[in-house]
Amino acid sequence: MNYKYIKSNYLVLILLFGLWFLAQPVWSNSLENDFKFRPLIEALDELSEQTIISGQVSTESGEPLIGVNIRVKEFPTVGTTTDIDGSYTLEVPDGGETLIFSYLGFQREEVSIAGQTTINLTMMEDFANLEEIVVTGYGTITKRDLTGAIAKIDVEEAVRAPVSRIDQAIQGRVSGVQVTSISGQPGAGTTIRIRGGNSINAGNEPLYVVDGFVGGIDISSLNPNDIESIEVLKDASALSIYGARGSNGVILITTKKGKEGRANVSFSSYYGVQSLARKIELLNTRDFIDWANAGEAFLGNAEAAFTPEDISQIGAGTDWQDVVTESAPMYNAQLSISGGSQKTKYYLSANYFDQEGILVGNEYNRSQLRLNLDHVFSNFFEMGTSVNLSRIVNIPQNFGVGIVYDGQPAIPVFLEDGSYSVEYPINGINFNNPLAQNEFIEDERFTNQLYTNTYLQLNILPKLRFRSTFGASLRNFKRNQFTSSQLPTRLRSGVPASGSVTNSDRVSYLTENTLNYDLNLGTRHRFNLLGGFTYQRQQTEQAQAISDNIQNDLLSYYGLSLSNPEDTRTITDFDAFRISSLIGRINYSLADKYLLTLTARRDGSSKFGENNRYAFFPSVALAWRLSEEGFIQDMNLFDHLKLRLSYGQSGNSNGIGSFQRFQTLGTGFSSIGSGGRAVAVFNSRLSNPDLKWETTDQFDVGLEFGFLDGRLSFEVDFFYKETKDLLFTREISSQTGFTTRLENVGSLKNNGVDFLANAVIARKKDFAWDLTFNISTYKNEILELGSENSIVTRSHGVNVSNPSGQLIVGEPLGIFTGWNVLGVYRDQDQIDADGLTNNYVPGEFRYEDINGDGTIDQNDVTIVGNSNPDFYGGLQNTLTYKGFDLSAFFQFSVGNDIFNERKLLSTRTQVDNAYATYANAWSDANRDTNIPVPQAQNAQASTSFAVEDASFLRLKTLSLGYEIRPEQLGINMESLRVYVTANNLFQLVSSEYSNYDPEVNTQGTNDRLRGYDNIAYPTARTLLIGFDLRF
Amino acid sequence: MILSSISCDTLLDEDPRDLIDPGRFYQSETDAVAAITGIYSHLLNANTWGIQMDILFGVNHDLLAPTRVLGAGQQFMGYRWDASTERFRVIWRELYQGINDANLTIREVSKADIPTDAKNEAVGEATFLRGFMYYYMVAMFGDVPLFTEPTTGDNFSMTGQAPRTSVNAIYQQIIQDCQQAESLLPDKHSTQKSRATKWAATALKMKTYLWMNDYAGAKTAAMDIIQNSSHKLLSEFADIFDPNNEFNDEIIYQFDFLTDQVQTNRAARFSPRGQDDGVAAADRPFVFTLGFGFFTLFKSFANSYAENDLRRAVSVYDQINPDIPLRYTYLPKQWRENEPRGNTGLNYKFYRMGDVYLNLAEAENELNGPTQEAFDAINMVRNRAGVEPLSGLNQEELRDAIRQERAWELVGEGNHRKLDLLRWGTLGEALSARLKAEQAEPVKGPNNVKTIQLSVDNYQDFKAIGPIPASEILLNPNLTQNPGY
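First to last, the sequence lines map onto chains A and B.
Numbering-wise (this note's numbering), the first sequence opens with residue 1 and increments by one.
Numbering-wise (this note's numbering), the second sequence opens with residue 1032 and increments by one.
Note that these hints are calculated values from the structure, not bench results.
Keep in mind the model is a prediction, meaning the values are calculated, not measured.
Hints may contain errors.
Claimed, not checked - Result set (SDA-like, lysine to any residue): computed pairs, CA atoms no more than 25 angstroms apart in a straight line:
1. B/1150 / A/664
2. A/256 / A/961
3. B/1224 / A/669
4. A/152 / A/165
5. A/478 / B/1048
6. A/152 / A/338
7. A/257 / A/457
8. B/1219 / B/1267
9. A/724 / A/788
10. B/1219 / A/669
11. A/143 / A/594
12. A/724 / A/201
13. B/1364 / B/1334
14. A/343 / A/69
15. A/724 / B/1185
16. A/724 / B/1188
17. A/724 / B/1505
18. A/152 / A/870
19. A/764 / A/959
20. B/1150 / A/669
21. B/1142 / A/664
22. A/259 / A/58
23. A/256 / A/80
24. B/1150 / B/1214
25. A/593 / A/530
26. B/1494 / B/1505
27. A/152 / A/139
28. A/478 / B/1050
29. A/152 / A/714
30. B/1224 / B/1214
31. A/257 / A/467
32. B/1467 / B/1111
33. A/724 / B/1506
As the list claims (entries may be wrong) - So, partial list: chain B residues that the calculated Cβ filter (under 7 angstroms) puts toward chain A:
34. 1042
35. 1043
36. 1045
37. 1051
38. 1053
39. 1132
40. 1176
Here a beta-carbon is modelled for each residue, glycine too, at the ideal position from N, C-alpha and C.
Chain A extracted, bound-state conformation (with noise of 0.2 angstroms):
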């Protein structure tokens, strides 16, 4: 629509960049010049004796290494790095006796003074990056001294793929962490269940923290190139510091900051169109229409659907999906400085992102700004702020994506008046032509996000410090609705214009203070030790206004009140909840041999029953360096060996409402007299003092090793959790005058293995080659569900109606059940063959009747599918070789069902279209076949016909980029990326899957019904080119 002003744009940005480019000597010279300063920090003790000792550290290849980490062993506090030239001079207090070396990507060394005063050091690489900084809840550890299972995603593989999302970037790349889009539309988000899923009713979707804000924060407020790291947190150790929300994992989003240096100006772009990934394969016309006539003749209808006339009219008849489907471009620019002194350093991001979706008439954009800026006032006082701005643009096509199999090939998009058709030719009733709904219809949602954390932090003892966060995280959601008296449906049934305005607002606060203390006791006792109290508001106010009778279209949206002040509504809701927390942890190393954790938080609630207010999430872990002993270390095969264990608790209270616990009264009407409707105020929910979060209990057993200084590492990790106090909305005895209440009942359990693997094939100077691999499997099963021993989450069918999403005892999360299908019944002797008491006619199904009682019925429902995967995972390759790069991305999932709702519906001959596949139905003239009969009245109920295998292998992401160096061009820059990159570029799909996304859930991120596809957003194969620009 307004494509173009959108492109002109992007034009101008573009011609402003290449301004600024000219411009850039002068200004990058300015720059150094304003951030030029003089050290301030100077050692902090002062030390009477000291031995001065230099050196120089360098690679094997000779190439000196900057920013060597070195201290002294026994003074941890005393250290520096290496400079320009590799080189550094240390003044080693009396007593000091072995300098630690230690760089990102080296193994780390231990050298022993004895006397010199010149110390070089040749640095041997560490494949394995043990000295790698990890971060964790309120802190960070090096992966050497890691005692719980996190993981850490390689962001820059990870976003080479373009997404509107982070969340969408991560899939597949973590072991135990399954990430789902819930549809193929640009902004969607994702489902993700990390070691299987802990809940039924209260939500699985792990915990975000941004840069140390804790919830409060819509990811998609995020621009994915700002992120520095993300890290997965999976095991108890790991999450019980996040207490009564961390159960489902966490998902640790740290993003740029600015480093030590001259200004660093990157300006990256790229541009990239869509098309539909895989088309789902129905009818065409001629064959459609047969099959329309056959279900006519099925039903016993003389009349048929279509007679040669129609026939004629017809033509070749529609194709919705060409119809509602197009190429669809995306862009994106980003520009970002960052930089700093010892004492200041700043990191300064734009970014616009604008993608079209493949539906035609869907836009989405995302325009974002971030400062992240540190100083450092004395030794004794830092600080530094956050601050995030985004405003994204969603209008989604308006209509469902259900059109491409609703609409048959017998409608056409046009009448020959040119006027859009609005009915089905069968049968007459409304056909919501798609280009009609998006030229009548408007729908605008605009999200303005404001993020902001301050910290300070103050020294009080070189090893003892205290910061304080204050965080505020504003969201304001604005959605224009309307539609139009015109929209032909409304226009056939003299239905006006109705509009709608809803507004809401989120605030969430956030304070943290954190007390940190590092203490040494001799060289073999080293502790951290962690203690603090949070404190976090979160209030949401929205107000809706509607009208159902707008006399006038003039206005739109604005033209509420021309309307009927009866037909004019106003809604208005608050909620709000406080959590108060203590949080504290003891990190102690034995040694560098042994390691311990013991975490614990105690989180306060205004949402718990005032008799559980309070919850309590302890976990203890252990960590052994076995690599450190000498009988590993004369095995001389493990080049690193660790194994960890770790068992604890963490919660989840998500699905607990804010006021749940609350007696309420609700609000309605009725009659009493008075010449029209009265305010009603009722009972609406009975109060539970007692209720709480759901409690997650979880074992973990890790081991990680690796051989060929590193070259090749694996880590694997084995899981039990057992979730009691599963919210669960319970049936009450209704003589009570309530008939329900949220209560702790119900308990479940998940067991699985997570595995990843890393090798370096080769890393030289002009080649390398690095592939990582992960694979992962979990167990569910339902252990307890209140009183029930099953419970019907979703059911089907016509005549008979079946259930096909059941919670069942013994059972996981996410089967399907219904009838199981044989085959289709070929002719009448087959069905008198089977003797079954059921009126069954040729060409309809043919049952396993489960409990041979001789007759089709409830009993007879099965399970028939299951949406868990046996195994999921992905596999990335890294090639560089000389300027070129190349990056290669696989995801897999093997195993999982889908169930396919349109499989239901395929008997409504007279209204939908039917997959390809249905050309082969039975009739008289073929009798051997699995498709059933256009009509088939028993095909109607849930059955495992509507089940299919939705494994996958897809090559997710393939990009090849190359390096053009500074000289090449002669000009003055750092360096300039190209690079090509395909998504979704080929799929291996099971030949059963029908639609189009094996990997999708049209019930969004509901648990109790996992694996539905009932055609949902079509995801996009997108090809792009891009550039990465540094100076």
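Given the structure of chain A, go ahead and fit chain B onto it with the hints provided.
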């Protein structure tokens, strides 16, 4: 600084600002009225008198029958229900919600600081409605758990496990509630016209006494209404049903339905269906527009009216005009001719003076035999209907005459027929008699016979009262099931 307040519990107090806290709500007269309206929202409701009660009491007797028995409601017609029949549970749930709302209103409004008149009206009406709902609970289920205090989070497990209370104890409670309500309620409501008055409470008391066979009590209550209230028999029977004057002096208590506001489908249930009758579209009056022609009168009953009975024209619709007879016999009391809406605004009439006079006649006849007072009472009603007065009957003959008179006078209104047959203990015989009468009649369509046949085939004496819903017994094992189920 912030650490100092760590352990302070007030940090966790979040004011539930968009919730209505029952402990703080009742602050004004308006709030008290909203609470009363809240109780009515359970009564003018699809689960109760919107649809379900209208079916349960509407056709399972000897005057009206459904033309077909189908859909989800089929178990509910023709006595084919059992303990798992969902609709009994739906009614049970809705009425207990209403009872709990009444209990809460009584407790909270009694404490509220509002003008005495408003307080009395609200407490009185909630008390009356509690009695009214228990009156129906007993008629449907026999012994049921009795509560006079609202349920809270603290007492709910006890409330939920409470056993059944005997019918007699509940009658005592209803009488007590009526007396309490009589002392608090006004004679008349001038603006909120369908709210219960003192006389509605007296009428309920009269009915309850009849169930208790306390004929003296019933007679006193009836006399009280006749002598002391402003209610009187309208001189024209048809005027009772004047859609433009629904709040007329005849009617003591009714529910005020509003067009299209409550799901009821009542008019569609009762108004005629063109295709059933084979009437050409051009000949169909407006009332046929939404008709489903579901509930129809038995022909043998329609034909039992005396030729000059003025009530027939108001109660029987079997022809569009003499040239266009209809196959079925409909009940025009239950529709408004110019409002062919399923969700009709026609009020649901419970108590009116014609009923009170007949109850007086019945009480007097049972108490003192066929006295002049008894004849006078029934003849008040007969005179208005334009039929000759009765005299010279013995007690038994007068009893039968009163029972027949109630059918003619009150057919299709206020759940009277089924309640009467239950009270008299004659439901089974009445059904059989109707089947016999229908077979003797030249019935035009097969369905009337079929459904009465169904009722007779499936009716057993234990089905006079319904089952305690099986799902409720699962949730409260202290509930016992009624015999037979």
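Verification of the supplied hints:
1. B/1150 / A/664: With a Cα-Cα distance of about 22 angstroms, the restraint between residue 1150 of chain B and residue 664 of chain A holds, given a limit of 25 angstroms.
2. A/256 / A/961: Between residue 256 of chain A and residue 961 of chain A the Cα gap is close to 23 angstroms, so the pair holds against 25 angstroms.
3. B/1224 / A/669: 16 angstroms, holds
4. A/152 / A/165: 18 angstroms, holds
5. A/478 / B/1048: OK: residue 478 of chain A and residue 1048 of chain B at ~22 angstroms, within 25 angstroms.
6. A/152 / A/338: 24 angstroms, holds
7. A/257 / A/457: Holds: residue 257 of chain A and residue 457 of chain A sit about 17 angstroms apart, inside 25 angstroms.
8. B/1219 / B/1267: Holds, at about 22 angstroms.
9. A/724 / A/788: 15 angstroms, holds
10. B/1219 / A/669: OK: residue 1219 of chain B and residue 669 of chain A at ~23 angstroms, within 25 angstroms.
11. A/143 / A/594: Measuring from Cα to Cα gives roughly 14 angstroms; hence the hint holds.
12. A/724 / A/201: Distance of about 12 angstroms is within 25 angstroms: holds.
13. B/1364 / B/1334: 17 angstroms, holds
14. A/343 / A/69: 19 angstroms, holds
15. A/724 / B/1185: Satisfied, since the Cα-Cα distance of roughly 24 angstroms is no more than 25 angstroms.
16. A/724 / B/1188: 22 angstroms, holds
17. A/724 / B/1505: 24 angstroms, holds
18. A/152 / A/870: Within the cut-off at roughly 24 angstroms; holds.
19. A/764 / A/959: 21 angstroms, holds
20. B/1150 / A/669: 21 angstroms, holds
21. B/1142 / A/664: 18 angstroms, holds
22. A/259 / A/58: Holds - the C-alpha atoms of residue 58 of chain A and residue 259 of chain A are around 22 angstroms apart, at most 25 angstroms.
23. A/256 / A/80: 23 angstroms, holds
24. B/1150 / B/1214: 12 angstroms, holds
25. A/593 / A/530: 21 angstroms, holds
26. B/1494 / B/1505: Holds, at about 21 angstroms.
27. A/152 / A/139: Satisfied, since the Cα-Cα distance of roughly 15 angstroms is no more than 25 angstroms.
28. A/478 / B/1050: Since the Cα atoms of residue 478 of chain A and residue 1050 of chain B sit roughly 24 angstroms apart, the hinted pair holds (cutoff 25 angstroms).
29. A/152 / A/714: Distance ~14 angstroms between residue 152 of chain A and residue 714 of chain A Cα, so the pair holds.
30. B/1224 / B/1214: 19 angstroms, holds
31. A/257 / A/467: OK: residue 257 of chain A and residue 467 of chain A at ~18 angstroms, within 25 angstroms.
32. B/1467 / B/1111: With a Cα-Cα distance of about 21 angstroms, the restraint between residue 1467 of chain B and residue 1111 of chain B holds, given a limit of 25 angstroms.
33. A/724 / B/1506: 22 angstroms, holds
34. 1042: Holds, because the Cβ-Cβ distance from residue 1042 of chain B to chain A comes to roughly 5 angstroms (cut-off 7 angstroms).
35. 1043: Interface hint status for residue 1043 of chain B: holds (5 angstroms vs cutoff 7 angstroms).
36. 1045: Because about 4 angstroms separates residue 1045 of chain B from the closest Cβ in chain A, which is inside the 7 angstroms limit, the hint holds.
37. 1051: The hint holds - residue 1051 of chain B has a Cβ within 7 angstroms of chain A, the shortest such distance being about 4 angstroms.
38. 1053: 5 angstroms, holds
39. 1132: At 5 angstroms from the nearest chain A Cβ, residue 1132 of chain B passes the 7 angstroms test, so the hint holds.
40. 1176: Cβ of residue 1176 of chain B sits 5 angstroms from chain A, so the hint holds.
Every hint, counting from the list given before, is met by this structure.
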